[in-house]
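With the sequence shown counted from 1, adding 15 to any position gets you the numbering used here.
The hints are simulated quantities; they were obtained by calculation from the structure and are not laboratory data. Predicted model only: the values in this text are computed from it and were never measured. Think of the CB as a built atom: it goes at the ideal place given N, C-alpha and C, for glycine as much as any other residue. Hints may contain errors.
[Claimed, not checked] Simulated restraints, written as ranges between beta carbons of each label pair:
#: 1; residue 1: 94; residue 2: 54; range: 17 to 23 Å
#: 2; residue 1: 130; residue 2: 61; range: 17 to 23 Å
#: 3; residue 1: 129; residue 2: 40; range: 23 to 29 Å
#: 4; residue 1: 87; residue 2: 33; range: 15 to 21 Å
#: 5; residue 1: 102; residue 2: 66; range: 20 to 26 Å
#: 6; residue 1: 97; residue 2: 34; range: 23 to 29 Å
#: 7; residue 1: 36; residue 2: 104; range: 31 to 37 Å
#: 8; residue 1: 78; residue 2: 37; range: 36 to 42 Å
#: 9; residue 1: 139; residue 2: 104; range: 32 to 38 Å
#: 10; residue 1: 137; residue 2: 60; range: 19 to 25 Å
[To be verified] Keeping only pairs whose Cα atoms sit at most 25 Å apart, straight-line, the calculated PhoX-like set for lysine-lysine is:
#: 11; residue 1: 22; residue 2: 137
#: 12; residue 1: 137; residue 2: 88
#: 13; residue 1: 62; residue 2: 88
#: 14; residue 1: 137; residue 2: 62
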Amino acid sequence: MFHPSLKQFSEAKELCESYSGDHGRSHLVSIHDNDTNNFLVQNVVAKFGPVNTWIGLGDVYENGTFSWVDGSKFDYNNFHRTQPDLISTENCVHLWDLWVGNSPFTWNNIYCNVYYPFICQKTITPK
Numbered sequence: 016m017f018h019p020s021l022k023q024f025s026e027a028k029e030l031c032e033s034y035s036g037d038h039g040r041s042h043l044v045s046i047h048d049n050d051t052n053n054f055l056v057q058n059v060v061a062k063f064g065p066v067n068t069w070i071g072l073g074d075v076y077e078n079g080t081f082s083w084v085d086g087s088k089f090d091y092n093n094f095h096r097t098q099p100d101l102i103s104t105e106n107c108v109h110l111w112d113l114w115v116g117n118s119p120f121t122w123n124n125i126y127c128n129v130y131y132p133f134i135c136q137k138t139i140t141p142k
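Taking the hints into account, I'd like the entire structure generated from these sequences.
Written out as structure tokens, the structure is:
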């Protein structure tokens, strides 16, 4: 679910989690492969145009150790070649609207108090 409203990372995380219910858990999106990353980028551009967008990744517990807010394994990354820069106060990650050659929307770590649109993901629980 793509949200055009601008939120800080913690606000976006909280709003996504508020969609959880009997049929599944909701959270900021986690990305585990290039196909998913490209799908999200294409949909972000179609819906918002080229804009920075929160995803559910950060290193809030230990600088340089990234984890997904849903607790899934950090097994894929698409950080820009200059990122993550490991500045201790840049703990949240977004799709970066910087176009680098043929690789648009790599990832960047940035301050969590910046306002961006965001992407929620819902995991459906079978009955």
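Each hint, compared with the structure:
Separated by about 18 Å at the C-beta atoms, residue 94 and residue 54 satisfy the suggested range of 17 to 23 Å. In this structure the supplied range 17 to 23 Å holds for residue 130 paired with residue 61, their Cβ-Cβ distance being about 21 Å. For residue 129 and residue 40, the hinted distance range of 23 to 29 Å is satisfied, since their beta carbons lie about 26 Å from each other. Between residue 87 and residue 33 the C-beta distance comes to about 20 Å, which sits within the given range of 15 to 21 Å.
Distance hint check: the CB atoms of residue 102 and residue 66 are about 22 Å apart, consistent with the given range 20 to 26 Å. Range check, residue 97 to residue 34: Cβ separation about 34 Å, and the 23 to 29 Å hint is violated. Between residue 36 and residue 104, the C-beta spacing of about 34 Å keeps the proposed range 31 to 37 Å intact. Checked against the hint of 36 to 42 Å, the C-beta distance between residue 78 and residue 37 comes to roughly 37 Å, which is consistent with it.
Checked against the hint of 32 to 38 Å, the pair residue 139 and residue 104 passes, with Cβ atoms roughly 36 Å apart. Taking the beta carbon of each, residue 137 and residue 60 are about 22 Å apart, inside 19 to 25 Å as hinted. Annotation: proposed proximity of residue 22 to residue 137 holds, straight-line Cα distance about 19 Å (limit 25 Å). In summary, the hint linking residue 137 to residue 88 is supported, as the alpha carbons are separated by about 17 Å, within the 25 Å threshold.
Distance hint between residue 62 and residue 88 is unfulfilled; the C-alpha atoms sit about 28 Å from each other, more than 25 Å. Pair hint residue 137 plus residue 62 holds up; C-alpha atoms about 19 Å apart against a cutoff of 25 Å.
Violated hints, in rising order: 6, 13; the structure is consistent with all others.
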